[in-house]
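Sequences listed follow chains W and U, in order.
Letter 140 of the first sequence, counting from 1, is numbered 140 in the working numbering, and no numbers are missing.
Count along the second sequence starting at 1, add 1000, and that's the number in the working numbering.
In short, the hints are calculated from the structure, not lab data.
Be careful, since some hints might not be right.
Claimed, not checked - Some chain U residues judged to face chain W by a derived CB distance under 8 Å, without partners named: (1) F1159; (2) L1163; (3) M1164; (4) S1167.
All C-beta atoms in this analysis are idealised placements derived from N, C-alpha and C, irrespective of residue type, glycine included.
2 protein chains.
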Amino acid sequence: MRLRNKPWAKEKLAQYPQYAVGNPAEHKGKWNEVFGNDNPIHIEVGTGKGQFLLGMAKQNPNINYIGIELYESVIVSALDHIIEAEVPNFKLLSVDAKDLTEYFAKGDVERVYLNFSDPWPKVRHAKRRLTYKTFLNIYEQILIDGGEIHFKTDNQGLFEYSLMSFSEYGLLLKYVSLDLHASDFEGNIMTEYEEKFSQKGSRIYRSEVKYMNEK
Amino acid sequence: MRLRNKPWAKEKLAQYPQYAVGNPAEHKGKWNEVFGNDNPIHIEVGTGKGQFLLGMAKQNPNINYIGIELYESVIVSALDHIIEAEVPNFKLLSVDAKDLTEYFAKGDVERVYLNFSDPWPKVRHAKRRLTYKTFLNIYEQILIDGGEIHFKTDNQGLFEYSLMSFSEYGLLLKYVSLDLHASDFEGNIMTEYEEKFSQKGSRIYRSEVKYMNEK
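Chain W with its partners taken away, still in its complex shape (with noise of 0.2 Å):
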């Protein structure tokens, strides 16, 4: 994604804390205290604008979510969402992927979403994918065991290695679409990027993965 600077934006985070968490770190272990209940937590890495989790928080009161975002130029977008459309169940927090371990406990997450990542075609690049497996591992040790990771891309190169990766790294395929708008999935939330490129005819691969308790 193209980034605009805004010096701005981590100001107007700061006024809403209530929306964007701001110390992280305190709530490891004990995120229910900020949702106020104890609902399931999914969290999505690289959620941009929030159009993905403000449509799931919306479609999924029962559900918590979290977006993490690194750059505060971008999430204060998905911040002007929630103000605007009060949901009590979305909170963003703007932290790098490669700490979640840091804010974020054994559990305390049930899912983890990845949509439309970057794909880092060149393979010297290949560690900084959100499904190398040193990311597959930060997942597992905030996530529930038989926690899950839901995948979308438009990238057919970044699909091919997540599979691979998945697997290498003893994952379930619980479920696989090559075509996800042609297919019979339900309720699917698109995102930004998902609604853009799939009106240009971009196939939009998906899949769910699960981690396996024996391993």
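Here the structure of chain W is known, so what remains is to put chain U in place on it, guided by the hints.
Only chain U this time, still in chain W's reference frame:
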């Protein structure tokens, strides 16, 4: 595949025992004697008219190939190709894939090829798909430890199903291409079907999976 009845097929196969193996159970555990060498054996289950294995046999003279095809009226076309090409490392076997363990012992086979297998799209026919778990178990009983299945299809539903079936069985997904003919995969030998349908614009899906020893 639509079948034309060829009542003379059985007789013709019997006339060429050097190519069409007539008494396979006798060779169980000692297929090297059939080929007269100790080269690894790769089989194709559902070999049809044999174009794929004929190309493979020419490309890889140090590998022995056995084409398995239930229908004598189909495999007799493969026989014609072998007679014409005089390839010593390609044999035919007209048996049912369900019975492979009657003819092959554990370790007789290094690799199984599945190409454009019948998709059996109805859920109630899932058990007939050659990537259903009972077939994966049959292949395991005749493959070496760490043996592989190499699978191609243009059928999206069968490929999605097979990836899930492989994963559930505990196979390692070593390789996956969601558009083989646009990929950098080298040395692809096309089947008759693949030639026809890729010309019509169908995508070809391909995967390699490996049986893990620790299973």
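Status of each hint after checking the structure:
no., hint, result
1, F1159, "holds, 7 Å"
2, L1163, "holds, 5 Å"
3, M1164, "holds, 5 Å"
4, S1167, "holds, 4 Å"
Checked against the numbered hints given earlier, this structure breaks none of them.
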